[in-house]
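Chemist: Got chain Z sorted already, so can you dock chain Y onto it with the hints?
Just so you know, the protein sequences line up as chains Z and Y, in that order. Going by the working numbering, 1055 is the number at position 184 of the first sequence; the sequence numbering is gapless. Going by the working numbering, 1182 is the number at position 311 of the second sequence; the sequence numbering is gapless.
Just so you know, not all the hints are guaranteed correct.
[Unchecked claim] Which stretches of chain Y does chain Z cover? Using the computed rule of at least three CB atoms under 8 Å from a CB of chain Z, they are:
no.	region
1	882 to 894
2	900 to 908
3	975 to 984
4	1165 to 1172
Hints were generated in silico from the structure; no laboratory data involved. C-beta atoms are modelled at their ideal positions from N, C-alpha and C, and glycine is treated no differently.
Here is how the chains run, residue by residue.
There are 2 protein chains.
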Amino acid sequence: MEYRTVSICIIGTELTRGVITDKHGSMLASSLSRLGYDVEAITIVPDDGTIAPVLEESVKGCDVLIVTGGLGPTSDDLTRSSIAKLAGVPLVQDKSVYDWLYKKVGERIHGANLVQTMFPEGFLPIDNPNGTAPGFRGIIPSGDKEVVCIAMPGPPREMDPMFQNLVVPYLAALRGHDDTGRDEYSVFLIGESKLEELCEQVGIDGVAWGTRFQDYRISLYLTGEEGRRKAFASRLKELTGPCLVVDGDHEAVSLLEDRLSEGKRTVTTAESCTGGLVGKLLTDKAGSSAWFWGGALTYANEAKRKMLGVSEGVLSSVGPVSEECALAMAEGIRTESESDLSISTTGFAGPTGEDVGKVWFGFAGKGMEPQAVCLHFTSYGRDSVRRKAAVASFLLASAFLDGVRLLDMVCKWQYI
Amino acid sequence: MEYRTVSICIIGTELTRGVITDKHGSMLASSLSRLGYDVEAITIVPDDGTIAPVLEESVKGCDVLIVTGGLGPTSDDLTRSSIAKLAGVPLVQDKSVYDWLYKKVGERIHGANLVQTMFPEGFLPIDNPNGTAPGFRGIIPSGDKEVVCIAMPGPPREMDPMFQNLVVPYLAALRGHDDTGRDEYSVFLIGESKLEELCEQVGIDGVAWGTRFQDYRISLYLTGEEGRRKAFASRLKELTGPCLVVDGDHEAVSLLEDRLSEGKRTVTTAESCTGGLVGKLLTDKAGSSAWFWGGALTYANEAKRKMLGVSEGVLSSVGPVSEECALAMAEGIRTESESDLSISTTGFAGPTGEDVGKVWFGFAGKGMEPQAVCLHFTSYGRDSVRRKAAVASFLLASAFLDGVRLLDMVCKWQYI
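Pulled out of the complex, with its shape left as it was, chain Z reads as follows:
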């Protein structure tokens, strides 16, 4: 039979009381996904007897059942006996485990530890170099299936190495070789629901997609045959317009950082509506002092005049949210700093007012013609406008350094 679906049961009353946060679930799930398994459920239950019906239910719907916890000498030891019962076998002592544990704990083995030498008949112990409870694995018959069951102790210092060193190789072999065929893309400025609509629209047979919403981007995963995955991605990129769907897992700021580091170029910022967010994201990067000179936060018009030399004429005629002001801000900070690149943002972050979401971006560069473009983001509040403006500033700055005419680019950004 093919082994593909996995159910994970994690036992620990401290977990269901919220005293500690489970970390096994995501570690196991991520390793299993890489091996080509599908995790159908992760269930966390207390040590109090709930485990038996949960195991019984879980075993019905999966090919592999992984259980952690409930093997310690002080627990009620329901894991061990529930698994034996499900498998329809008695618990029997393993002589070599008895000898090993006797060496470890001596006469105390005849106390609470004794149960740790007992395993469901036909199951194989899994060595535990870091504790007194070995794991075990074997088969639970369920209907016409033979479910593989693996039990491991709960403490991370015992479970993690046992899983990585002894269980992963077994599961890899069980699955056959793991070619899960999966690509990841980073999607910028497009909303989650719009992205999903666009993926539906692309809809290539045999390609499955999934999204993960992150702080400043959406990760898009494609699975399926390689040629089809590539065709899906290329159609999606055509639909979204340039630079909004990027191969791999990248932050927008990293795309700019790479260009700055490669070219040994420096950058400065002149921020109005983003109020420091652009600088903050640039300086989140360790080593940013190599390429970030500094910047001006010019919220008040007077700050734009005094710190960046924006003329009174510009501010009083076209106002601070304008092409002229964005250009003057970018040129102002670049002149003062003599940096290779400068970025300016000026717009309406809201939450209220007419043109909320309208942001002008200016770019100036040593020996380059300055450029400014305006984007109009749909506002889901101040934070959303500012985040999008920061991301856009990095994408636009990267394109600016590449010599792209920004106006041509942004007019293809229909879905931001």
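Modeler: Showing chain Y alone in chain Z's frame:
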């Protein structure tokens, strides 16, 4: 009937793939335990149809069913329909949610968002100020029981406040708390484990405490009889030193904002190691243009000289991370802007190097003696140092405006 047992279902393919680690489970479990509920199981399932049988199974064994995730504007939307099906009712549109969402997203409501206006008949929507998917709650009949079902969106920035503000009071009443007496405090700059040690140390009989780790603070909840709660808080405040434990739910930046707004005062910033984070947090606030003039991000020494007038002598003798430089930065920006208050930060954010976590803060004010203090944060990485520095800058600036001698204050901050 008595409501005591809870089952939590968490939906997210990124969780069962191990791409991200679930945090809802432990947060919900810990809050529910404090309210006197027993969490019987936390089940994490992918977005792919597994949810229906899991909900069906869960509802059998609990009095309260809590579901998070699967309410986004996705094609699947199985949470909503599975709950309706379990409750035996159709999905119906809620007019007031429709109107609210129309205001938020406009005509796009007729796309993927439309489903977010639909709820199982008889269920009540739960407001979501931070997203487009309201939660909902209602009754699922199961055998002779009426199971209370509460569904909330998955993203933590939406789910956390919805749960704490709207669901906890409901669940407290449902559990029959006669004394729901509860106080909330905001704790700044103290680590989670240290705070828990301090709470253990305070340990007043009859007072239960719980913490919720947030981005820039920890929320501390105390329950129990009022006099004892107050005694607990007052002992804790003595232990931590001034200004680090504040009554109510407040961001550090809001404490400063209140003082600025009340006094109609303006503020400017001169940031080195925080690189824009202080400005970003100030301008996160709607209406900040009333009191935020602007600031300088001076990462390079040359930027400190050119933009703030820090003397070459200071930079070459004591260097940029020094009392002298912090004072010169604060005075430089205040003089240029004529603002009422200015804040400077200069330090080592790391991640590597000698004095990582050492940050000097400078404060200047109209008609006030400037002050500078140095803090040395334990470094858990660049991000942690910068966050703490930003929080400290707001706490210190607030105290500075209150006329406090900062050096006296920070020498009592033993646990930061």
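Chemist: Need the list of violated hint numbers for this structure, in ascending order.
Modeler: Those not satisfied: there are none.
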